[in-house]
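Protein chains: 2
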Amino acid sequence: MPAKTDHDARRRDVSAAVWRVLAAQGFGGLTLRAVAAELGATTGLVTHYFPSKQALIVHALEVAETHTRALVPSLEGVHGLEALRQALAAVLPLTPEGTEINRVWVSSWDAALADPELRALEKARYKRWRSRLKPLVIEAQNDGDLPTGDPDDLVAALAAFTHGLVVQALFDPRTFPRQRLLAVLGSHLEGLRP
Amino acid sequence: MPAKTDHDARRRDVSAAVWRVLAAQGFGGLTLRAVAAELGATTGLVTHYFPSKQALIVHALEVAETHTRALVPSLEGVHGLEALRQALAAVLPLTPEGTEINRVWVSSWDAALADPELRALEKARYKRWRSRLKPLVIEAQNDGDLPTGDPDDLVAALAAFTHGLVVQALFDPRTFPRQRLLAVLGSHLEGLRP
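Line order of the protein sequences matches chains A and B.
Numbered according to my numbering, the first sequence spans residues 1 to 194.
Numbered according to my numbering, the second sequence spans residues 1001 to 1194.
Hints were generated in silico from the structure; no laboratory data involved.
Fair warning: there could be bad hints in the mix.
Here are the simulated lysine to any residue pairs, SDA-like style, with alpha carbons at most 20 Å apart [unchecked claim]:
#	chain 1	residue 1	chain 2	residue 2
1	B	Lys1053	A	Gln25
2	B	Lys1134	B	Gly1149
3	B	Lys1127	A	Pro51
4	B	Lys1123	A	Ala24
Because the structure is a prediction, the values reported are computed rather than measured.
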């Protein structure tokens, strides 16, 4: 099935070009023309894959999701507060790839806030993230390592802390190098210990 | 000086139109053409004020800063942890205007991450915010209401918590209505009490 293989390979090339545009210029720089230039192809070819700007953005979010999933840690053999610490650390911009992924997500918020379909996708993404964190928070509460109280509020607060730290680090990586991000996360969790 | 007055009034009209475009469409929708349409004027007139897209964005950030300053609470007669709570609460999207301002700032991050000049402005804005919070954090530490340790780390963590909560609330206002935002902030600060 050479035709199928060619088609799949071409799709992968297009996705890779979308990612390179996003990583360099964010969603504000994501245009059919920019993807075509990155691919060394015509805008017409890119339009074949993405009939509209909206279709291109939705695909870009899928590409970002794939890159993000690759960074989710296994957490096998860890438990409670330490599992939570590892899960939150995995979201921080500790490596060039982690920085690239965060930069893409933060830059997606402009388009996502302006469009009901994209806004619903981001809302659902947040819900999925909070529901993955919730059992770890409950474990840590049961272990006496986090304060009692509504676990949903604690989850929201920890997700908030982590994303807010991501944003500060993206704008000021010298003030927030890898070691300091890990130290701020560690002392934040210790500070919550009852 | 009628000419001066006319010029000032026209500038105010232009700034108000920039703000309405930002509030409705974010930075991704901010174009000379959109401002002209909002103003009921020609693109040529808008170009007279903003010779480039970059000049328009820089002005939009100044307009956002003015709207934001109007929401900074006085904190007169309050102290330590309670002053900190009020300072952080004032940043949350608790009112339609607070929501509008936050939506504009979050949407500015796409353009700001893609441009060195805008990135430097946002980095400086974060530094100013953290340095305003720092004396309140130190007061609360001295009162025994916050854990000891590096106050800069605590400030960064609290700024992070607040902005991360803003983002979740913007995408999901039903899950994060005003009362819950205040409750999450309150219990977060209580959870940090040594």
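Hints, verified against the model:
1. Lys1053(B) / Gln25(A): With Cα atoms ~16 Å apart, Lys1053(B) and Gln25(A) stay inside 20 Å; holds.
2. Lys1134(B) / Gly1149(B): holds (13 Å)
3. Lys1127(B) / Pro51(A): violated (43 Å)
4. Lys1123(B) / Ala24(A): With Cα atoms ~19 Å apart, Lys1123(B) and Ala24(A) stay inside 20 Å; holds.
Hint 3 from the list above is the single one not met by this structure.
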